[in-house]
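Asker: Read off the chains here:
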Amino acid sequence: MATILTVDDTASMRQMIGFTLNDAGYEVTEAADGNEALAAARKSKFDAIITDINMPNMDGISLVRELRSLPEYKFTPILMLTTESQDSKRKESKEAGATGWIVKPFNPEQLLNVIKNVLN
Amino acid sequence: MDNTNLADIKENMDDLEQQYLTFRLSDQDYGIPILEVQEIKGWTAVTPIPNSPHFIKGVLNLRGTIVPIIDLRLRFNLERKEYDQFTVIIVVNIAGKLAGLVVDSVSDVVNASNEQHCEAPEFEGQLNRQFIEGLVQFDEKLLILLDISKLADIDDLADVSADQGHSTTPEEN
Amino acid sequence: MAIDLTQFHQTFFEESLEALSDMEAELLRLDSHMSGRRVSDEFKADNESLNIIFRAVHSIKGGSSTFGFEVVANFSHVLESLLDDIRENRCKTTRDLISILLQSCDCLRTLVQNAQNGINTVPADINEFQIKLESLQGTNCAVTLDRRQKTRSIDHNDVAGWDISFVPNKNILSTGNDPVRIIRALTQLGKIRSRLNIKSLPSWKNINPEDIYLSWHIDFSEPIKKSQIENVFSWVIDDCVLNIIQKTDTQKSPTSKPVPDTDSNVDTRAPAPGASGNGLEVQSIRVSTPKVDALVDLVGELVITQTMLSQFSEEITPESIEKLQFGLGLLERNTRELQESVMGIRMLPVGFALNKLPRIVRDVSQKLGKKVKLDISGEGTELDKSVIESMGDALMHIVRNSVDHGLESPAERINAGKPETGTIQVQASQKGGSVVITIEDDGNGLDRDLILHKAIEKDLVAEDANLTDEQIDNLIFIPGFSTAAQVTGVSGRGVGMDVVRTRISELGGNVEVINKPGSGTKLTLRLPLTLAIMDGLCVKVGSQVYIIPLLSVIESLSVPDQNISRPAGGSELVPFHGEYLPFLKLYELFNLSSAVKNTSDGIIIIVEAESKKIGLLVDEIVGQQQVVVKSLETHYKRVEGVATATILGDGEVALILDISTLANLVNHKHHQGHSLKAAS
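Protein chains in written order, with the numbering used here: chain A, 11 to 130; chain B, 95 to 267; chain C, 4 to 683.
These are computed hints drawn from the structure, not numbers from a lab.
Just so it is clear, CB atoms sit at the ideal spot from N, CA and C, and this is done for glycine as well.
A couple of the hints might just be wrong.
Cβ-to-Cβ under 10 Å is the rule here; a few derived chain C residues that face chain B [as the list claims (entries may be wrong)]:
#: 1; residue: V548
#: 2; residue: N594
#: 3; residue: Q628
#: 4; residue: V631
#: 5; residue: K633
#: 6; residue: S634
#: 7; residue: T637
#: 8; residue: Y639
#: 9; residue: E643
#: 10; residue: G644
#: 11; residue: T647
#: 12; residue: L651
#: 13; residue: V656
#: 14; residue: A657
#: 15; residue: L658
For each label pair, taking beta carbons as the anchor points, the in silico distance ranges come out as [claimed, not checked]:
#: 16; chain 1: B; residue 1: A189; chain 2: C; residue 2: Q433; range: 37 to 45 Å
#: 17; chain 1: C; residue 1: K228; chain 2: A; residue 2: N127; range: 13 to 21 Å
#: 18; chain 1: C; residue 1: F329; chain 2: B; residue 2: R118; range: 38 to 46 Å
#: 19; chain 1: B; residue 1: A189; chain 2: C; residue 2: T310; range: 36 to 44 Å
#: 20; chain 1: C; residue 1: T505; chain 2: B; residue 2: A189; range: 29 to 37 Å
The list that follows gives simulated cross-link-like pairs (lysine to any residue, SDA-like), each with its CA atoms no further than 20 Å apart [stated by the list, open to error]:
#: 21; chain 1: C; residue 1: K294; chain 2: A; residue 2: A21
#: 22; chain 1: B; residue 1: K191; chain 2: C; residue 2: S634
#: 23; chain 1: A; residue 1: K126; chain 2: C; residue 2: L176
#: 24; chain 1: C; residue 1: K326; chain 2: C; residue 2: L312
#: 25; chain 1: A; residue 1: K126; chain 2: C; residue 2: S389
#: 26; chain 1: C; residue 1: K633; chain 2: C; residue 2: R349
#: 27; chain 1: A; residue 1: K84; chain 2: C; residue 2: Y216
#: 28; chain 1: A; residue 1: K126; chain 2: C; residue 2: N234
#: 29; chain 1: C; residue 1: K294; chain 2: A; residue 2: E46
#: 30; chain 1: C; residue 1: K615; chain 2: C; residue 2: E473
#: 31; chain 1: C; residue 1: K359; chain 2: C; residue 2: K326
#: 32; chain 1: C; residue 1: K633; chain 2: B; residue 2: N187
#: 33; chain 1: B; residue 1: K135; chain 2: C; residue 2: L312
#: 34; chain 1: A; residue 1: K126; chain 2: C; residue 2: F236
#: 35; chain 1: C; residue 1: K173; chain 2: A; residue 2: S79
Use the sequences and the hints to build the structure in full.
Answerer: Here it is as structure tokens:
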């Protein structure tokens, strides 16, 4: 089954996303910030990455930049979790190489639809 | 799991619900629902609790949990009896609360279907009627089925001991 | 498939409250940089502080909207917009603004706690405050709403279909987007006919395999909304040339870049579940990974040792006895370390309680016009979570008192030759099995004359009582005593130091006061590290062993019977350092047949609880040991005079005495010191 890395500094979001994806049969690895995520991504290859933008230590946009510089993550779908008030952040993350975004608030069904879509 | 299996299990559950552990207290047989019995162990010394009702013998360490021990003879205002090698503590679990009941000896496990039950009579000798759930005629013997939730209701214990002086039935027989 | 979102609520509440504490601490840090300046002075907040504050609010907003706490989401949205203005320098950062942000923090905390309790309405005062917040910021908030409106109005309903031309940029793959995937997503909206255009394909040797050279023309013959099509392309709108043309002959409205549509994701927020307050009692602790790792390692060692021991037991020879003893020693060490580690999981830095103090000092000192510097040290000292939670209020009360009653006004301080700014030092440290927290101010100290006067007036002390200075100082702990000359609204209201002392002794600790008139007051709290394990003195009475918490033991004495004083009509008293203390005979109290009835044959243990000293007559002292505290109430009920119980090495249950209750059992009129000494 496809493997997904989820990155968010808030545990409740991480739990919600992790639970939803697990429940749908995906294999999920969780990370609390960009640094953790990058370390995890270097250790093993994920089929998709979902990341928050505002995080301590390394934010989501820097994470995308770092990931895109790794050969094995050149084409991997990377989705940003944003809120409707983050237009500029959305643009910034696109420029950094993000695939797309999921707008908070979202419910588990919406999340799964998006994931299904990008994972073929 | 198919349906026949389920039915079997349900039947077994019904059986269990009608099984009673019987024990002896001053030549009378009593029964308590087997589902409420957690374990049976021999008498061991307990740690007395100051300022507790006289029928609370004390507390016992049951694998790390501290459990109060109730002497049923004293609870029923029966004559005190020295503990011997037959004396047994029946550990019961009532809605998550554990308590040990000291009885003279444990006899058997019996099936008592609902049809065998008869209502407790108006007056039943020395035993306070509130503890009796019903009576069963069994092998020529009378088995008194107990409602242990009343027996070991700790919150109730204080009240019982407080008005013990005037309200409990005197020992007859 | 439906996923029950309520299971994540508790985590959300906990992390939100934590984020708010971080935010508050950061705001207070900013505020302390500003101290000394006028409230309207502008200053530049450093970016990292602002980021932490912004992140806290942003996370709460994201979580609350996802989990359906709309009230929280709305408030945090307004607050986030304001913070965004500050971050983008659209708004002046002043001390006034910090106060407003601190208030916002309080409001948000209340809203989160309300949500936790199943209340999903906005209290009037918070609603008012929210409106005030909205008025403070620029147009940020309004813009968001406007945009949504606009998006809606663009949609047309009666269309025959769409002609779509989609020319991806060459490097579209590098964002992880795949044109084929996008086209497939379109098919989910309805029937399409797509034509692939390969005319821009270069010659083979010029092809870069990571680039895309294809384009598509799509004929969409369903009457759907344009925004639905735009949605499919929304991620790649900047990575392609997209034309969506309506397929009616009369209207042609080519749009190259659609307005981003935020609508589709907004409508479907999860509804707030009715029973959102149900997980209320669930408590959890977040444990750092190293602590868990250490546990895992220890359990591993334990398993190894256990295997080793069971191997030895199969072939016991005289030679293997030594090995067996070695193994047992190892087992003992492992067990002890495992126990410590498990206890460690419940341990949190005392900083969790201390971090609330700066806010209180700030608020109270501003209200009273006093200048106060708060020094906190030893925040890293670890204490059991439940101890920290239970003592938090007591600590806040003491510090509030210090600012209110302890420290003088700036003018008074200058007159007394002290620096204008008063200092409160809060120090935490571990001493053996307990944690000591001292709160020391350099104020005026306790006014003994005033205290004595008040105590006599309130009939707490006899008029002719002859008390030592120390005894007078300790009067502040007596219930019903309040030293405030007038109820100040800050620390008055009848809740006094007696509540502090009761709370601390409930936890098995004690509190002491040292008064230096003119130069300050120092309070010392001594708290047990944990409530799960305690150091106890094992004593024997008759056949029973009882445990006395070591923290309350002062001394043990062997007193010859003739030294016991027996005043007519009173209880027996034992002499102790110039005082006469009442004492309890445990065998009498617990109705035990004891060999020792005479004080000469037994031992009197002097214990103290809530500043009351009493003696306890026991047969003998068995020893001192760490005991694991077990509740009696789990399966039985509360027993007077007995706090809890423990299990001794031989498996027997031993009761742990409740010294506070025992001390209160004794008639304490005798304890009022020297007047009594003279009488006896």
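Asker: Evaluate each hint against the coordinates.
Answerer: We went through each hint and held it up to the structure:
no.: 1; hint: V548; in the structure: 9 Å, holds
no.: 2; hint: N594; in the structure: 7 Å, holds
no.: 3; hint: Q628; in the structure: 16 Å, violated
no.: 4; hint: V631; in the structure: 9 Å, holds
no.: 5; hint: K633; in the structure: 5 Å, holds
no.: 6; hint: S634; in the structure: 7 Å, holds
no.: 7; hint: T637; in the structure: 7 Å, holds
no.: 8; hint: Y639; in the structure: 4 Å, holds
no.: 9; hint: E643; in the structure: 6 Å, holds
no.: 10; hint: G644; in the structure: 6 Å, holds
no.: 11; hint: T647; in the structure: 9 Å, holds
no.: 12; hint: L651; in the structure: 9 Å, holds
no.: 13; hint: V656; in the structure: 4 Å, holds
no.: 14; hint: A657; in the structure: 7 Å, holds
no.: 15; hint: L658; in the structure: 7 Å, holds
no.: 16; hint: B:A189 <-> C:Q433: 37 to 45 Å; in the structure: 41 Å, holds
no.: 17; hint: C:K228 <-> A:N127: 13 to 21 Å; in the structure: 19 Å, holds
no.: 18; hint: C:F329 <-> B:R118: 38 to 46 Å; in the structure: 51 Å, violated
no.: 19; hint: B:A189 <-> C:T310: 36 to 44 Å; in the structure: 40 Å, holds
no.: 20; hint: C:T505 <-> B:A189: 29 to 37 Å; in the structure: 33 Å, holds
no.: 21; hint: C:K294 <-> A:A21; in the structure: 19 Å, holds
no.: 22; hint: B:K191 <-> C:S634; in the structure: 13 Å, holds
no.: 23; hint: A:K126 <-> C:L176; in the structure: 18 Å, holds
no.: 24; hint: C:K326 <-> C:L312; in the structure: 9 Å, holds
no.: 25; hint: A:K126 <-> C:S389; in the structure: 45 Å, violated
no.: 26; hint: C:K633 <-> C:R349; in the structure: 16 Å, holds
no.: 27; hint: A:K84 <-> C:Y216; in the structure: 18 Å, holds
no.: 28; hint: A:K126 <-> C:N234; in the structure: 16 Å, holds
no.: 29; hint: C:K294 <-> A:E46; in the structure: 18 Å, holds
no.: 30; hint: C:K615 <-> C:E473; in the structure: 13 Å, holds
no.: 31; hint: C:K359 <-> C:K326; in the structure: 54 Å, violated
no.: 32; hint: C:K633 <-> B:N187; in the structure: 19 Å, holds
no.: 33; hint: B:K135 <-> C:L312; in the structure: 29 Å, violated
no.: 34; hint: A:K126 <-> C:F236; in the structure: 16 Å, holds
no.: 35; hint: C:K173 <-> A:S79; in the structure: 18 Å, holds
Hints 3, 18, 25, 31, 33 from the earlier list are contradicted by this structure; the remaining hints agree with it.
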